[in-house]
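Given two chains presented individually in distinct reference frames, assemble the corresponding complex, making use of the accompanying hints.
Chains A and B, in that order, give the protein sequences. Numbering-wise, numbering that gives the first Met the number 0 puts 80 at position 81 of the first sequence, and it's gapless, one number per residue. Numbering-wise, numbering that gives the first Met the number 0 puts 62 at position 63 of the second sequence, and it's gapless, one number per residue.
Treat the hints as calculated values from the structure; they're not laboratory data. Note that this is a predicted model, so its numbers are computed, not measured. Keep in mind that the hints are not guaranteed to be accurate.
[Claimed, not checked] Mimicking SDA-like on lysine to any residue, the simulated pairs with C-alpha atoms at most 20 Å apart in a straight line are:
no.: 1; chain 1: A; residue 1: 133; chain 2: A; residue 2: 29
no.: 2; chain 1: A; residue 1: 139; chain 2: A; residue 2: 54
no.: 3; chain 1: A; residue 1: 98; chain 2: B; residue 2: 36
no.: 4; chain 1: B; residue 1: 21; chain 2: A; residue 2: 156
no.: 5; chain 1: A; residue 1: 125; chain 2: B; residue 2: 49
no.: 6; chain 1: B; residue 1: 52; chain 2: B; residue 2: 42
no.: 7; chain 1: A; residue 1: 139; chain 2: A; residue 2: 65
no.: 8; chain 1: B; residue 1: 45; chain 2: A; residue 2: 176
no.: 9; chain 1: B; residue 1: 68; chain 2: A; residue 2: 28
no.: 10; chain 1: A; residue 1: 120; chain 2: B; residue 2: 36
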Amino acid sequence: MTAAASNLSEWVETFTGDLYSWALHKVSDPELAKDLVQDTFLAAAEKIQGFRGDSSPKTWLFSILNHKIIDFYRKRVKQPVKIENQVFSKFFDQEGSWKVAQRPMEWNDDESNLLDDVDFKEVLNKCMDALPEKWNTCVKLKYLMSKNGDEICQELDITPTNFWQIVHRAKLQLRNCVEENWFEN
Amino acid sequence: MHKLFLSCLKATELIEKRLNFKLSVKEKLQLKVHKMMCSACSNYEKQSLFIEKGISLSQKREFTVDDIKQLKVIITEKLSDTK
Numbered sequence: 000m001t002a003a004a005s006n007l008s009e010w011v012e013t014f015t016g017d018l019y020s021w022a023l024h025k026v027s028d029p030e031l032a033k034d035l036v037q038d039t040f041l042a043a044a045e046k047i048q049g050f051r052g053d054s055s056p057k058t059w060l061f062s063i064l065n066h067k068i069i070d071f072y073r074k075r076v077k078q079p080v081k082i083e084n085q086v087f088s089k090f091f092d093q094e095g096s097w098k099v100a101q102r103p104m105e106w107n108d109d110e111s112n113l114l115d116d117v118d119f120k121e122v123l124n125k126c127m128d129a130l131p132e133k134w135n136t137c138v139k140l141k142y143l144m145s146k147n148g149d150e151i152c153q154e155l156d157i158t159p160t161n162f163w164q165i166v167h168r169a170k171l172q173l174r175n176c177v178e179e180n181w182f183e184n
Numbered sequence: 000m001h002k003l004f005l006s007c008l009k010a011t012e013l014i015e016k017r018l019n020f021k022l023s024v025k026e027k028l029q030l031k032v033h034k035m036m037c038s039a040c041s042n043y044e045k046q047s048l049f050i051e052k053g054i055s056l057s058q059k060r061e062f063t064v065d066d067i068k069q070l071k072v073i074i075t076e077k078l079s080d081t082k
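The following block holds chain B by itself, in its conformation from the complex (with noise of 0.2 Å):
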């Protein structure tokens, strides 16, 4: 294969790189023509996006005030059995 050109393997594993880290000039290059000619991989770099924003907003990070206080008393119990 071309040196310019990439599989859909190494495509794909650079448009995860990208959402981490930077590319380099030949990186995005490479990237870039392999996309304009890979329908499929358009697809799925535009499919990997919409991902990453369901992941980034499904962290669930609500608690109630009972969870802190069973927190408490587990804690405490835990802490007289050391002694």
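Next comes chain A alone, as it looks inside the complex (with noise of 0.2 Å):
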């Protein structure tokens, strides 16, 4: 073995659980945090020759580390979705006021104790998912990067407008689909 890799060995072992943890924060997603920490390791394997140990290998790791990351929102926040101008049709008539079936009633419920009912949860997990990958992102990204949307249209290189309108197609759509499998059973 050589002394690169016997070092990243070294380091698989003692940074695995620090860089998981920190990717399991930052996207909230068990199998895609692994894949990120597993991808961070391939890219330190190639590039191992030209760390020089200015920095510690745990804050090396965790700069690649937070690349993938941002890397990964990037693309999601750019995919195309093709739904997206439906959604407007199905809330809204021509002026852009509620269509009457759509209009949001108050909701007949105890809100206050709702968010620890483990099956209110479950809905609106399901809610989540049924959004488009792109959209369910960018509702959580505020939570998960611990940015003000200003940040996380810097960071991730899209326009303020852009970002705000798909929250808002997202939100609609959730609200939606909450108060369906809900609010109305």
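Encoded structure:
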């Protein structure tokens, strides 16, 4: 085993836990987080000859991982979504008023305890999963990246208008889905 | 439509915009006026905020020691494949 390779396998042993914990925190998807950590080590293996130890191995690996995470989100927010324009016509008429059947009514339920309700959480998660990947990601980004809208747009290289319009469509769908599957049952 | 009046489409857009960005003074006023007249959009805003809370709470971040063990094995295998 070369010195570089033995370093690397030692780092896998030492840092996988921390890297995975961070990746999971940032993407909230176990399989995806695992892939990102894997890719981080594969990239490290390729670049290890250039690693001169200016920073600690941990810092170096984390910087590779963070690039991978941002890269993933950049690609995700650029995915085209086919139903993009159908959402508005589902909910609004030509003047932009709510269609009568779609007007949000009051939800007759005690909302304060609902977020602890396992069944409700499941409905919410299912509705999240039913969104196009890009929309799902965009509504979660604020919580995952712990950043405000301007910072998110800067990092992911999209315009604010583009970003909030995606969130707008996503939330219209999401609200409707939650209503249909929970409050109308 | 009068300049001060928003459509519901536009009003819900501003409701979502405000979750991530600052609204201009004009936008704030427009939205306020619209919500005073439109119970559907007022309901929408309440429900949208509620869903936001749900989203922020629903991010999965737990894992076990076994997850890490398995991951180490997989990575070690992959690394030896590439050599």
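For each hint, the structure was consulted:
no. : hint         : in the structure
1   : A:133 - A:29 : 18 Å, holds
2   : A:139 - A:54 : 32 Å, violated
3   : A:98 - B:36  : 16 Å, holds
4   : B:21 - A:156 : 19 Å, holds
5   : A:125 - B:49 : 16 Å, holds
6   : B:52 - B:42  : 16 Å, holds
7   : A:139 - A:65 : 17 Å, holds
8   : B:45 - A:176 : 16 Å, holds
9   : B:68 - A:28  : 18 Å, holds
10  : A:120 - B:36 : 32 Å, violated
Against the hints set out earlier in the document, violations occur for numbers 2, 10.
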